[in-house]
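A.B. asks: The chain contents come next:
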Amino acid sequence: MELKSALGAIVVFGSLVGVYITLYKLNKKTPLPPGCEDLKADCEGCHDYACTNNPHHER
Amino acid sequence: MNRFENFKAGLIKDNPVFGLYLGICSTLAITTTVNNAIGMGAAVIMVLVLSNMIISAIRKIVPDDIRIPVFIVIIATLVKIIQMLIEAYAPALNTSLGVFIPLIVVNCIILGRAEAFASKHGVLDSALDGIGMGLGYTVAVIAMSFIREVLSTGILNIVNPFNDAQVWLNVTLIPADYTIPLFNSPVGAFITFALLAAALSAYKTHADKKAEAKAKEVK
Amino acid sequence: MSELITLFVTSVLINNVVLNQFLGMCPFMGVSKKRSSAIGMGLAVIFVIVVAALITYAIYYWILVPLNLQYMDLIAFILVIASLVQLTEMFIKKTSPALYKSLGVYLPLITTNCVVLNVCLVNISNSYDFAHMLVYSIGTPIGFALVLYIFSTIRERLDIANVPNPLKGNPIAMIVAAIMAMAFSGFAGIV
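Top to bottom, those sequences are chains H, Z and V. The first sequence begins at 1 in UniProt numbering and counts up one residue at a time. The second sequence begins at 1 in UniProt numbering and counts up one residue at a time. The third sequence begins at 1 in UniProt numbering and counts up one residue at a time.
These are calculated hints, taken from the structure and not from any lab test. Note that the coordinates shown come from a computational prediction; the quantities given were computed from them, not determined experimentally. Glycine included, C-beta positions come from ideal geometry on N, C-alpha and C. Hints should not be assumed to be uniformly reliable.
To be verified - Have a look at the derived ranges for each label pair, beta carbon to beta carbon:
hint, chain 1, residue 1, chain 2, residue 2, range
1, H, Pro-34, Z, Ile-180, 52 to 62 Å
2, Z, His-206, V, Ile-160, 22 to 32 Å
3, Z, Glu-87, H, Glu-2, 16 to 26 Å
Claimed, not checked - In silico SDA-like links for lysine to any residue, alpha-carbon gap of 25 Å or less:
hint, chain 1, residue 1, chain 2, residue 2
4, Z, Lys-204, Z, Met-53
5, H, Lys-25, V, Phe-47
6, H, Lys-28, V, Pro-97
As the list claims (entries may be wrong) - Partner residues aside, some chain H positions facing chain V, computed with beta carbon under 7 Å:
hint, residue
7, Leu-3
8, Leu-7
9, Ser-15
10, Leu-16
11, Tyr-20
12, Tyr-24
13, Asn-27
14, Thr-30
15, Pro-33
Construct the complete structure from the given sequences, taking the supplied hints into account.
C.D. replies: Put into structure tokens, the structure is as follows:
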């Protein structure tokens with residue numbers, strides 16, 4: 001019973017992570033629509049480096 | 001001595017809460033009592049140090065393009081473990097912090113430090129950075145909750161988080177007739193935060209001016 | 001029915017997610033400098049929260065509970081939210097440049113947004129049934145968008161006001177938020 005539950009946990013976790021990573025990579029590959037290349041959300045609320053909108057990502 | 005400078009900066013000048021405006025959500029919500037602040041600060045330090053160390057340890061084997069998903073998963077797992085530990089060993093803290101323990105996952109400080117620092121430096125440096133930023137956060141929330149609790153209830157009350165009945169400190173600083181209950185409500189939270197942030201900003205401008213004056217003198 | 005209406009009014013006005021629960025402060029401080037960005041962010045958040053709440057609710061009750069994996073809720077929810085944001089951004093990029101211009105840029109800001117995760121977690125911890133969950137998940141982001149819009153209109157004026165130096169930027173915005181919280185606390189008498 002314990003092993004089945006642990007196996008179920010690993011399967012659920014693995015599939016969710018897999019879905020996320022697949023979608024993340026696909027999203028990175030899709031090009032921006034024409035005319036939208038230099039758009040930036042106008043946000044400077046915090047210096048959160050993890051936020052993909054942060055200006056430090058422009059390199 | 002670069003490490004120490006970094007550490008000091010995380011405490012006051014680059015204070016994650018009042019200087020960089022990270023993790024504001026939890027700051028405003030949990031600073032109603034000093035107990036909550038200490039508990040939350042401890043939880044954040046633990047998650048920050050552990051996540052920094054783990055992410056720094058695996059930074060060479062994670063492919064660069066999927067690093068953010070990996071960081072998120074690691075941080076979520078750590079937070080869940082710490083949440084379960086708090087639920088088991090400090091249930092009073094769990095009830096008072098409520099939903100803000102799971103919300104440490106999306107606390108900007110942790111993901112931010114992971115991306116900005118831990119993914120580029122060694123394990124020891126990242127651990128020290130985690131402690132520095134975590135302490136900066138803890139100092140900030142304790143300062144804010146001290147002001148709010150004393151002004152709104154007049155009593156400073158600190159209990160042992162693992163055993164409710166054990167009161168460590170209970171001192172009445174302002175008599176009950178002169179307290180301002182406003183500081184318990186959201187309005188008070190915003191005002192206290194604004195004033196503390198303004199104080200830090202004023203201090204930073206003053207320190208910058210002094211440094212500039214010194215630099216001119218040297219020339 | 002009246003219970004649902006009460007829940008709606010509570011989640012939009014009385015227990016407002018920004019002014020009472022202190023969530024979503026990062027975009028609240030950051031995206032509220034212009035009205036147009038506030039509208040874009042508000043709409044994006046409404047969409048993401050409603051869909052994320054539905055999906056996480058389904059996953060919790062159809063997958064996690066039968067397999068006795070309730071402790072995985074946090075990890076599962078954050079992964080679902082992150083995947084949903086990626087999927088939505090991809091979808092918008094491919095279908096409508098106009099929509100991308102107005103909403104798409106704000107989507108990455110929503111992944112680490114406290115509001116989304118909070119709505120998903122509260123739906124479970126309050127044991128809402130489907131109708132309540134739907135009302136709560138629609139009401140909360142509407143409350144967020146409403147406050148964000150009002151705040152942005154005030155901030156546009158604040159930019160040209162004569163603010164003391166230490167208070168410039170975020171501190172004065174916080175004080176405005178305090179006054180708004182005072183105003184909104186008057187709604188508590190409605191229910």
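A.B. asks: Does the CB of Leu-7 (chain H) sit less than 7 Å away from some CB of chain V?
C.D. replies: violated (10 Å)
A.B. asks: Would the hint on Ser-15 (chain H) be counted as holding, given a Cβ-Cβ threshold of 7 Å to chain V?
C.D. replies: For Ser-15 (chain H), the interface hint is violated, since the closest Cβ of chain V sits about 10 Å away, which is over 7 Å.
A.B. asks: For the pair supplied as a hint, Lys-25 (chain H) and Phe-47 (chain V), is the alpha-carbon distance within the 25 Å limit?
C.D. replies: Holds, because 22 Å separates the two Cα atoms, which is no more than 25 Å.
A.B. asks: Hold the hint about Thr-30 (chain H) up to the distance rule: shortest CB distance to chain V must be less than 7 Å.
C.D. replies: At 5 Å from the nearest chain V Cβ, Thr-30 (chain H) passes the 7 Å test, so the hint holds.
A.B. asks: Under the criterion of a CB-CB separation shorter than 7 Å, is Tyr-20 (chain H) in contact with chain V as hinted?
C.D. replies: Cβ of Tyr-20 (chain H) sits 4 Å from chain V, so the hint holds.
A.B. asks: Please check whether Glu-87 (chain Z) and Glu-2 (chain H) have a Cβ separation lying inside 16 to 26 Å.
C.D. replies: holds (21 Å)
A.B. asks: Indicate whether the distance between the beta carbons of His-206 (chain Z) and Ile-160 (chain V) respects the range 22 to 32 Å.
C.D. replies: Since His-206 (chain Z) and Ile-160 (chain V) have Cβ atoms about 26 Å apart, the given range 22 to 32 Å holds.
A.B. asks: Hint Tyr-24 (chain H) vs chain V: min CB-CB distance below 7 Å?
C.D. replies: holds (5 Å)
A.B. asks: Quick one, is the Leu-3 (chain H) hint okay against chain V at 7 Å, beta carbons?
C.D. replies: violated (13 Å)
A.B. asks: Is the hinted pair Lys-204 (chain Z) and Met-53 (chain Z) satisfied, with a Cα-Cα distance of at most 25 Å?
C.D. replies: violated (30 Å)
A.B. asks: At a threshold of 7 Å, is the proposed contact between Leu-16 (chain H) and chain V supported by beta-carbon distances?
C.D. replies: holds (4 Å)
A.B. asks: Quick check on Pro-33 (chain H) please, does its C-beta sit within 7 Å of some C-beta on chain V?
C.D. replies: holds (3 Å)
Checked against the numbered hints above, the structure breaks hints 4, 7, 8 and 9 and satisfies the rest.
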